[in-house]
Amino acid sequence: GAVVSQHPSWVICKSGTSVKIECRSLDFQATTMFWYRQFPKQSLMLMATSNEGSKATYEQGVEKDKFLINHASLTLSTLTVTSAHPEDSSFYICSARERYGSSSYNEQFFGPGTRLTVL
Amino acid sequence: RKEVEQDPGPFNVPEGATVAFNCTYSNSASQSFFWYRQDCRKEPKLLMSVYSSGNEDGRFTAQLNRASQYISLLIRDSKLSDSATYLCVVRHGSGNTGKLIFGQGTTLQVKP
Numbered sequence: 065g066a067v068v069s070q071h072p073s074w075v076i077c078k079s080g081t082s083v084k085i086e087c088r089s090l091d092f093q094a095t096t097m098f099w100y101r102q103f104p105k106q107s108l109m110l111m112a113t114s115n116e117g118s119k120a121t122y123e124q125g126v127e128k129d130k131f132l133i134n135h136a137s138l139t140l141s142t143l144t145v146t147s148a149h150p151e152d153s154s155f156y157i158c159s160a161r162e163r164y165g166s167s168s169y170n171e172q173f174f175g176p177g178t179r180l181t182v183l
Numbered sequence: 380r381k382e383v384e385q386d387p388g389p390f391n392v393p394e395g396a397t398v399a400f401n402c403t404y405s406n407s408a409s410q411s412f413f414w415y416r417q418d419c420r421k422e423p424k425l426l427m428s429v430y431s432s433g434n435e436d437g438r439f440t441a442q443l444n445r446a447s448q449y450i451s452l453l454i455r456d457s458k459l460s461d462s463a464t465y466l467c468v469v470r471h472g473s474g475n476t477g478k479l480i481f482g483q484g485t486t487l488q489v490k491p
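One line per chain: the protein sequences are A and B, in this order. My numbering puts the first residue of the first sequence at 65, with every later residue one more than the last. My numbering puts the first residue of the second sequence at 380, with every later residue one more than the last.
Simulated from the structure, these hints should not be mistaken for lab results. Take these hints with a grain of salt, some might be off.
[As the list claims (entries may be wrong)] EDC-like mimics (lysine to aspartate or glutamate), calculated; alpha carbons at most 20 Å apart, straight line: (1) B:K421 / A:E171; (2) A:K84 / A:E127; (3) B:K381 / A:E123.
[Claimed, not checked] Partial pick of chain B residues on the chain A-facing surface, computed with a CB cut under 8 Å: (4) E422; (5) L425; (6) K478; (7) L479; (8) F481; (9) G484.
Here a beta-carbon is modelled for each residue, glycine too, at the ideal position from N, C-alpha and C.
Bound-form chain A, shown alone (with noise of 0.2 Å):
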């Protein structure tokens, strides 16, 4: 099945600083990307969809010039968090779609996520 991966998986950082985390497709190209946010014990919120080459769309309440995402090639998607407070502390998960008519165009595949702690 299609990979995709991230990067770093866990980060701590200081509150204040900016923190960069890759999702990357690794055997296919992804047309679209999704960052999703996860709380303990509370669901996947998407916070953006990026599609390559345009800018990202956000969700609802969520601060597009905090959570900068860039989708610059079909392999790569960046989501940095800008001066990270301790409240940004989440589960960050990036999801690939492949392009349209693939196989597995309506399948979603995720990466491992990123753990974000913020002091």
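Starting from the known structure of chain A, fit chain B onto it as the hints suggest.
Just chain B now, with coordinates in the frame of chain A:
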């Protein structure tokens, strides 16, 4: 009200038991339905899609009732390895605009 509602559990069952999870969704425009499994501190993994006619995959049976906006998952002959959180997921729209909406998840603990 949450768009996808699940009983969070936990469900504590002995090995070999049959257990059923229910889920309701509020958006009648939802087009696709899934059950995902999530282990502690891991990403969700697709367990099975859910079709209107109902579908089975080994010990797992999924049912969909569009009229009632209700989805179910039945697990027969529970194994210790089935312990996990089961997420009910719906998709709105199609094409590049489709996005997954996750329920809170139902936690299952299978005991020896």
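Verification of the supplied hints:
1. B:K421 / A:E171: 18 Å, holds
2. A:K84 / A:E127: Since the Cα atoms of K84 of chain A and E127 of chain A sit roughly 16 Å apart, the hinted pair holds (cutoff 20 Å).
3. B:K381 / A:E123: Measuring from Cα to Cα gives roughly 15 Å; hence the hint holds.
4. E422: Given a least distance of 4 Å, the restraint on E422 of chain B holds.
5. L425: Status holds, d = 7 Å.
6. K478: This interface hint holds because 6 Å falls under the 8 Å limit.
7. L479: 6 Å, holds
8. F481: 4 Å, holds
9. G484: Holds. Min distance 6 Å.
Checked against the numbered hints given earlier, this structure breaks none of them.
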